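Residue numbering for the sequence shown follows the UniProt record's numbering, starting at 1 and increasing by one per position.
Simulated from the structure, these hints should not be mistaken for laboratory data. What you are looking at is a predicted structure, and each value in this text was computed from that prediction instead of being measured. You may find that some hints are simply not true.
What the hints assert, rightly or not - Only pairs whose alpha carbons sit at most 27 Å apart, straight line, appear in this in silico BS3-like list of lysine-lysine:
1) Lys132 to Lys115
2) Lys409 to Lys115
3) Lys115 to Lys36
4) Lys369 to Lys325
5) Lys132 to Lys409
What the hints assert, rightly or not - Simulated DEER-style distance windows between Cβ atoms:
6) His297 to Gly67: 31 to 39 Å
7) Leu149 to Leu400: 20 to 28 Å
8) Gly227 to Lys109: 32 to 40 Å
9) Gly250 to Ile209: 30 to 38 Å
10) Ser231 to Asp262: 44 to 52 Å
11) Arg348 to Pro170: 41 to 49 Å
Just so you know, even glycine gets a beta-carbon here, dropped at the ideal spot from N, CA and C.
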Amino acid sequence: MTFIYQLKQMTEVRLSSSLRARNVSDSIALAIEIAKSRGISRVVDTTWLDRIGIPVFASIRPDGAKGTLCVHAGKGYTSDEAKIGAYMEAIEFSFAQPGRNVVPWSLKKPMDVLKSFHGNIQFSDFAPRLGKRISVDDEIAVVEGTELLTGLGMVLVPAELVYHPFFENPGVRLYGTTTNGLASGNTVDEATVHGLAEVMERHVRSFEILDDNSTLVRPDTVPPRIGSMISRVEMAGLRCHLRFSTNPFGLPYFSAYVLERDEFSPISVGAGFGLHPISDIAAVRAIAEAVQGRLSHIHGGRDDIIKRVDVSNDLGREAELLAIKRLREIASRATDNIAFADIPTFDRVNSISSAQQCLLDALWGADLKHVVRVVLSPPGYPFAIVKVLVPGAEMYEPKLQRVGPRILKEFQNGR
């Protein structure tokens with residue numbers, strides 16, 4: 001099948017929140033062509049539901065499997081960026097389901113996985129859930145991926161870390177399924193950049209959950225585009241705090257918080273995070289995600305919102321309010337501050353290939369020596385969908401409690 005907009009020559013563009021291999025209008029037109037085939041019934045502008053005005057779109061995918069999402073969101077500085085983001089998230093989620101991509105799984109022994117990496121990793125590098133074990137005689141579902149950093153070529157990785165959800169998994173279940181590193185793009189390399197940035201962002205965030213040492217960014221020092229986003233939040237009667245965290249990658253990483261007047265408000269805190277070689281792209285992503293999080297709660301369509309409500313009910317209102325108050329204190333803490341110009345940024349990154357190389361170099365410098373890419377979309381498909389895995393990278397969150405060697409060391413040190 002030939003897609004009309006696929007015939008157009010692609011030209012790389014820099015958007016406010018990403019680097020892309022095709023201009024946004026062409027990407028949207030192409031996404032509209034394939035939407036129905038991926039189960040997307042509609043994409044809507046939800047910006048007006050909140051009073052901020054920073055664009056957020058939602059896409060509806062009614063046939064999303066149980067355990068995944070049926071409603072997705074897109075964010076950005078412009079409406080077109082948010083719209084394509086909503087399409088792309090829905091498309092990539094549709095490819096994550098087993099049987100809806102081109103990646104088969106098989107059962108192997110644990111040693112087969114380790115041998116494919118020439119014995120340079122352990123199963124703990126994939127961050128299993130607390131209390132999970134595997135023996136040499138067990139079988140584990142695996143898929144093939146391509147190792148990008150050391151030239152190993154084809155390697156085997158746990159299928160749990162590629163598919164989402166994976167209810168039919170007959171092997172030992174160690175990790176739980178997530179969409180960390182699931183990404184889409186106009187090309188495989190573009191998708192890989194998005195996937196790498198997400199995995200690295202979640203790695204940094206994992207340590208922040210345990211001990212937040214972020215620094216407040218002085219709002220009077222930010223570039224105009226970021227300043228205008230902060231102003232929109234403030235003019236809506238809310239507060240916006242942008243924070244920078246040093247990290248083992250030496251890359252720009254931000255957390256952004258949109259705060260209501262007090263902890264008693266229904267959406268007291270909206271939080272967002274962003275990592276990218278270019279500092280203003282990372283900051284835009286963080287602020288836009290915080291706004292997107294608010295709107296996801298307001299329209300109430302996302303399946304995971306209900307799970308968060310259940311967690312809050314289990315905690316009890318008093319404990320929930322205490323947790324919210326602590327988060328608000330972290331968001332607004334001003335004991336240290338930094339000017340935006342003093343935050344590292346990589347001006348040499350002016351293309352998708354240079355962004356990918358920058359991220360790979362940063363991983364290598366942080367002693368993360370393997371990167372695996374699994375391409376989920378078929379050759380010739382209008383968009384590329386990938387799952388990126390980085391053995392040794394952490395993705396800790398309280399509900400899943402996946403713990404790799406680095407987080408384990410933090411626990412052992414009493415942090």
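Assessment of proposed distance window 20 to 28 Å (beta carbons of Leu149, Leu400): holds (26 Å)
Verdict for Gly250, Ile209 (Cβ pair) under range 30 to 38 Å: violated (21 Å)
Hinted pair Lys132 and Lys115, Cα distance within 27 Å: holds (21 Å)
Outcome of range test on Cβ distance (Gly227, Lys109; 32 to 40 Å): Once the Cβ atoms are compared, 56 Å apart, the range 32 to 40 Å for Lys109 and Gly227 is violated.
Agreement of Lys132 and Lys409 with the hint, judged by alpha carbon distance not exceeding 27 Å: holds (17 Å)
Supplied distance hint 31 to 39 Å, evaluated on CB atoms of His297 and Gly67: Violated, at about 21 Å.
Straight-line alpha-carbon gap Lys115 to Lys36, limit 27 Å: The hint is violated at about 41 Å.
Cβ separation of Ser231 and Asp262, checked against the hinted range 44 to 52 Å: Hint violated: Cβ distance 22 Å, outside 44 to 52 Å.
Pairwise hint evaluation, Lys325 against Lys369, where the allowed Cα distance is 27 Å at most: violated (39 Å)
Hint consistency between Lys409 and Lys115 [alpha-carbon to alpha-carbon, up to 27 Å]: Within the cut-off at roughly 26 Å; holds.
Range hint 41 to 49 Å (beta carbons of Arg348 and Pro170) holds or violated: holds (47 Å)
Going through the hint list in order, the structure does not satisfy hints 3, 4, 6, 8, 9 and 10.
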